[in-house]
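Number of protein chains: 4
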Amino acid sequence: MAVVLGPNRYGKAETRVVRITRDGGVHHLKDCNVSVSLSGDMGAVHRVGDNAAVLPTDSQKNTVFAFARKYGIAEIEEFALLLARHFVDSQPTIHHARVEVEEYFWDRVRTEGATDQGQHSFVRSGREIRTCVVHHDGPSSQATIVSGLKGLTVLNSTGSEFHGFIEDEYTTLRPTRDRVLATDVNAAWRHRGEHEDFGTSYERARRALLDAFAGTHSLSLQQTLYAMGGQVLEACAEICEIHLAMPNKHHFTVDLEPFGLDNPQEVFFAADRPYGLIEGAVLTDDAPDAGFAWE
Amino acid sequence: MAVVLGPNRYGKAETRVVRITRDGGVHHLKDCNVSVSLSGDMGAVHRVGDNAAVLPTDSQKNTVFAFARKYGIAEIEEFALLLARHFVDSQPTIHHARVEVEEYFWDRVRTEGATDQGQHSFVRSGREIRTCVVHHDGPSSQATIVSGLKGLTVLNSTGSEFHGFIEDEYTTLRPTRDRVLATDVNAAWRHRGEHEDFGTSYERARRALLDAFAGTHSLSLQQTLYAMGGQVLEACAEICEIHLAMPNKHHFTVDLEPFGLDNPQEVFFAADRPYGLIEGAVLTDDAPDAGFAWE
Amino acid sequence: MAVVLGPNRYGKAETRVVRITRDGGVHHLKDCNVSVSLSGDMGAVHRVGDNAAVLPTDSQKNTVFAFARKYGIAEIEEFALLLARHFVDSQPTIHHARVEVEEYFWDRVRTEGATDQGQHSFVRSGREIRTCVVHHDGPSSQATIVSGLKGLTVLNSTGSEFHGFIEDEYTTLRPTRDRVLATDVNAAWRHRGEHEDFGTSYERARRALLDAFAGTHSLSLQQTLYAMGGQVLEACAEICEIHLAMPNKHHFTVDLEPFGLDNPQEVFFAADRPYGLIEGAVLTDDAPDAGFAWE
Amino acid sequence: MAVVLGPNRYGKAETRVVRITRDGGVHHLKDCNVSVSLSGDMGAVHRVGDNAAVLPTDSQKNTVFAFARKYGIAEIEEFALLLARHFVDSQPTIHHARVEVEEYFWDRVRTEGATDQGQHSFVRSGREIRTCVVHHDGPSSQATIVSGLKGLTVLNSTGSEFHGFIEDEYTTLRPTRDRVLATDVNAAWRHRGEHEDFGTSYERARRALLDAFAGTHSLSLQQTLYAMGGQVLEACAEICEIHLAMPNKHHFTVDLEPFGLDNPQEVFFAADRPYGLIEGAVLTDDAPDAGFAWE
Chain A
1 MAVVLGPNRY GKAETRVVRI TRDGGVHHLK DCNVSVSLSG DMGAVHRVGD NAAVLPTDSQ
61 KNTVFAFARK YGIAEIEEFA LLLARHFVDS QPTIHHARVE VEEYFWDRVR TEGATDQGQH
121 SFVRSGREIR TCVVHHDGPS SQATIVSGLK GLTVLNSTGS EFHGFIEDEY TTLRPTRDRV
181 LATDVNAAWR HRGEHEDFGT SYERARRALL DAFAGTHSLS LQQTLYAMGG QVLEACAEIC
241 EIHLAMPNKH HFTVDLEPFG LDNPQEVFFA ADRPYGLIEG AVLTDDAPDA GFAWE
Chain B
1 MAVVLGPNRY GKAETRVVRI TRDGGVHHLK DCNVSVSLSG DMGAVHRVGD NAAVLPTDSQ
61 KNTVFAFARK YGIAEIEEFA LLLARHFVDS QPTIHHARVE VEEYFWDRVR TEGATDQGQH
121 SFVRSGREIR TCVVHHDGPS SQATIVSGLK GLTVLNSTGS EFHGFIEDEY TTLRPTRDRV
181 LATDVNAAWR HRGEHEDFGT SYERARRALL DAFAGTHSLS LQQTLYAMGG QVLEACAEIC
241 EIHLAMPNKH HFTVDLEPFG LDNPQEVFFA ADRPYGLIEG AVLTDDAPDA GFAWE
Chain C
1 MAVVLGPNRY GKAETRVVRI TRDGGVHHLK DCNVSVSLSG DMGAVHRVGD NAAVLPTDSQ
61 KNTVFAFARK YGIAEIEEFA LLLARHFVDS QPTIHHARVE VEEYFWDRVR TEGATDQGQH
121 SFVRSGREIR TCVVHHDGPS SQATIVSGLK GLTVLNSTGS EFHGFIEDEY TTLRPTRDRV
181 LATDVNAAWR HRGEHEDFGT SYERARRALL DAFAGTHSLS LQQTLYAMGG QVLEACAEIC
241 EIHLAMPNKH HFTVDLEPFG LDNPQEVFFA ADRPYGLIEG AVLTDDAPDA GFAWE
Chain D
1 MAVVLGPNRY GKAETRVVRI TRDGGVHHLK DCNVSVSLSG DMGAVHRVGD NAAVLPTDSQ
61 KNTVFAFARK YGIAEIEEFA LLLARHFVDS QPTIHHARVE VEEYFWDRVR TEGATDQGQH
121 SFVRSGREIR TCVVHHDGPS SQATIVSGLK GLTVLNSTGS EFHGFIEDEY TTLRPTRDRV
181 LATDVNAAWR HRGEHEDFGT SYERARRALL DAFAGTHSLS LQQTLYAMGG QVLEACAEIC
241 EIHLAMPNKH HFTVDLEPFG LDNPQEVFFA ADRPYGLIEG AVLTDDAPDA GFAWE
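Residue numbers (this note's numbering), protein chains in the order written: chain A, 1 to 295; chain B, 1 to 295; chain C, 1 to 295; chain D, 1 to 295.
Everything labelled a hint here was simulated from the structure, so no lab data went into it. No false leads were mixed into what you were given.
Partial list, computed: chain D residues near chain C (C-beta under 10 Å): (1) N62; (2) A66; (3) A68; (4) Y104; (5) P264; (6) A271.
Predicted model, so just to flag it, every value in this text is computed and none were measured. Note that CB positions come from ideal geometry on N, CA and C, so glycine has one too.
Isolated chain A, as found in the complex (with noise of 0.2 Å):
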């Protein structure tokens, strides 16, 4: 028996990088976390501790921040893809590279009143997360996008059953025809390829989300997943492929007959834990092969 390596990578993760862009008085804000993991040729390192194959992470991290003041962040990921691909392309020991960057949204802060300060005040918005995730392996071939989201958390109240499901002999469960059905959204979805509006795609992608978990009489979670799967695929030429990740967040109809009141549907107990969790990917049929996407 041998002992030998087998996939590794390595990298600078969680540099908080925020780009300020000034447009006379006006100022843009970009909040972003980005995360390398490069590999290549490091047997040597993990072997005897060689290191001439390696870029420091305090490199990758200086990169970080240097390509935002050469390049600014307009999307994150041609951002990402533009890192990705200089850490390839510039070091022969490195062959792959992934960059996950996430970005926090900022609204600007309306003032009342004939003042200026809107220009560069900013108050953080929204509970969630844009991410993506990028893939570069080599001068020659193709890198994989996948944009996505975390942290989207909605609500519907009614317009959610579950009945007809097992029961085996640890079932308690009753059928419902009213629930109240609540997940955090948590999706990632690949694109066909590059393409020139990262932005316009997530908004699109994003609504597509919303209005499928909205517009769906929900008989399952799975039901509703697969539907705003399909709607995002549907709304989105670009986009051949996305993964959901949903918790059940169990809202139980609390019982107040030992108080002598109903309880139509009104009154919930939020539950943390233990909670249901929903996971499925959604394709069109010609969708290429992923590769290293999802990695």
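Guided by the hints, dock chains B, C and D onto chain A, whose structure is given.
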């Protein structure tokens, strides 16, 4: 030397109640986290485990749910007052109640097209949490009401300076005429008394906090804090005191010189720890004694 | 109506300092999180942004690191006192210092065989965090010293009852003669004054907390809390007051009857929220006035 | 273009079960968090909300509790296997089960004196969490079993170097011959098959991880990772592959020169973000195909 019991309280913390109100097909949603703390004749339970004076925390939880059904949850301050008075007024052994409520915000999902799904579909919105702490101390005395918010993250990308400070032997910081100023606003304000419009009051106070943050050319975070507190007091006659705790979320200008790049306040590293922490109270000169309001 | 400044303080929070002491090849490790809060002549900085009285929080951070080098970190209380006195005594505009330190524990890695690696290899141990809060208020007055711990999670699998409580119209809880009692102990105790042996004192207080938790047949968590506080005071003559906050981490006996199974206190569901929360102070009848010790 | 369903699974996540076993007056405690994921004939539920093939996640939760009563929880791997086989073998529509278990450790409270309280009093110990992930894919195939741990935080205060790395135009890091090396070990190892002694295996693997971390004079964290993986494989013939993810928790030597102080590797700033992240697999050259073990 004898051992004696000092101040004490007990209760059920973090009852997560969601209240849905149906207005025909249009639903309204209130999402709260309620924590009750009671005190009174609790000598025996501490000393010998005699529970005769103890209303179980489980009953407190039940009361939260039952009251949500019976009375609804309009403004969280009113719901907290209702609960606090109930516990003190209905139980001879309970002399004081503290009720804290957090409220989480939801927006309606606005779907495109002629659908009515927006009537009962919601998405968690914003990042701040509305809060209140109410104290009630026996039937004859006035309750105290503190409202507030936490998690309101704001940033000015210019309009902030810091110089003229003490320079001791451990000072290496250089004065600056232009920096990023960012903080998470944690604020709590004391009402002069009960009134009819806690919802409007909240919006007005929040607006004043944002306006003052954006509208203050800052020479120090303390100055900004004081301006924010003052603006709330000026905008809201019903409020007599405000406490603010604001971390200085450092955004360090990255030194890009080693890479042959300048950095005219464009690229920042958003640091985690350590951070400055500025805390202060601002009040009106006619504010009545706070009593136990801030406990 | 005029707006006035109330109590305020500012400082650098959460400076993460690790101090290694080399005793020949044997290393010693101290891992701390230091938060400084200063107050004094801070009217001008709040009102007009004049920083002449402000020692920058950056300088405070530097002082923490420099003092760790110059004086080492023996007991956290001593290190906190050293810092608190330095800020007040060296700066005329600073009249009061509050220094809080958290300490994280590490064990040596005991390797098998005749290696000396254990001399400088460590593994984070335990789950509780040792804490202290020190106040110093000018050169003439005595400092106050509060030590404590948080995150000490304990559980008795029997020896706990709960019955004889108030039953109001919202009570559905049934009395029990045997339940699981579990809590996270958060404790802070006030020393009568400075002394020579904070390390031994900590161990003795911690031991008393555990002994009393394990040794008390409990009729309520309040009774257990009071016994724990009392045992600390009895074991530690140097301590005159203790504050305890202990969540009742509910472990519900699962109803297995629907599956034809009994459950003689063997299978429990460990719930998250809501939870009981019991808070109380225990002190000696000769405890001196606490002053600002608990702020 | 048509939309198709890709890989999917669903189940109940994070069922928190505590199992107490009474051996006369001596109690034994097992504290686990169980997450079940099932897959199978799930086309209809996704496409039209037909739940006929769906065993409710609520029933899965009930099964966890009932099995804890019927079979006890000896080693988490065995309990996971029992559950995984039950779901697949009892439900024709369920073809594959993934069961993940986390175990939290408790020590007995050892009280002084002649008390028997230690028999049923426990304190949460250690910081690491033992984990397992089991897959079962129909009655005929072999299950896969991955065990592991997370949250094992270790630090070497010397015996670590980093030099000889690539220096590109964004490199400012200086080579070092002595640094602090600290990480949180997250490890998962694949067993060759079922065996009789998962408890001993866990202890042996954990021991090998600690020994190798402490016993490796490190030229890079990658070298340490590989040594740790190799030592587990050498110590544990029952294990054929191990995956390690180890953040480089940077401890920066603080520059104290501005204060007239040297810093011979004594005072460090423990940084939060960014951090290096080193991930790698180590396996034996005869390791059987992993199949779905790592999903």
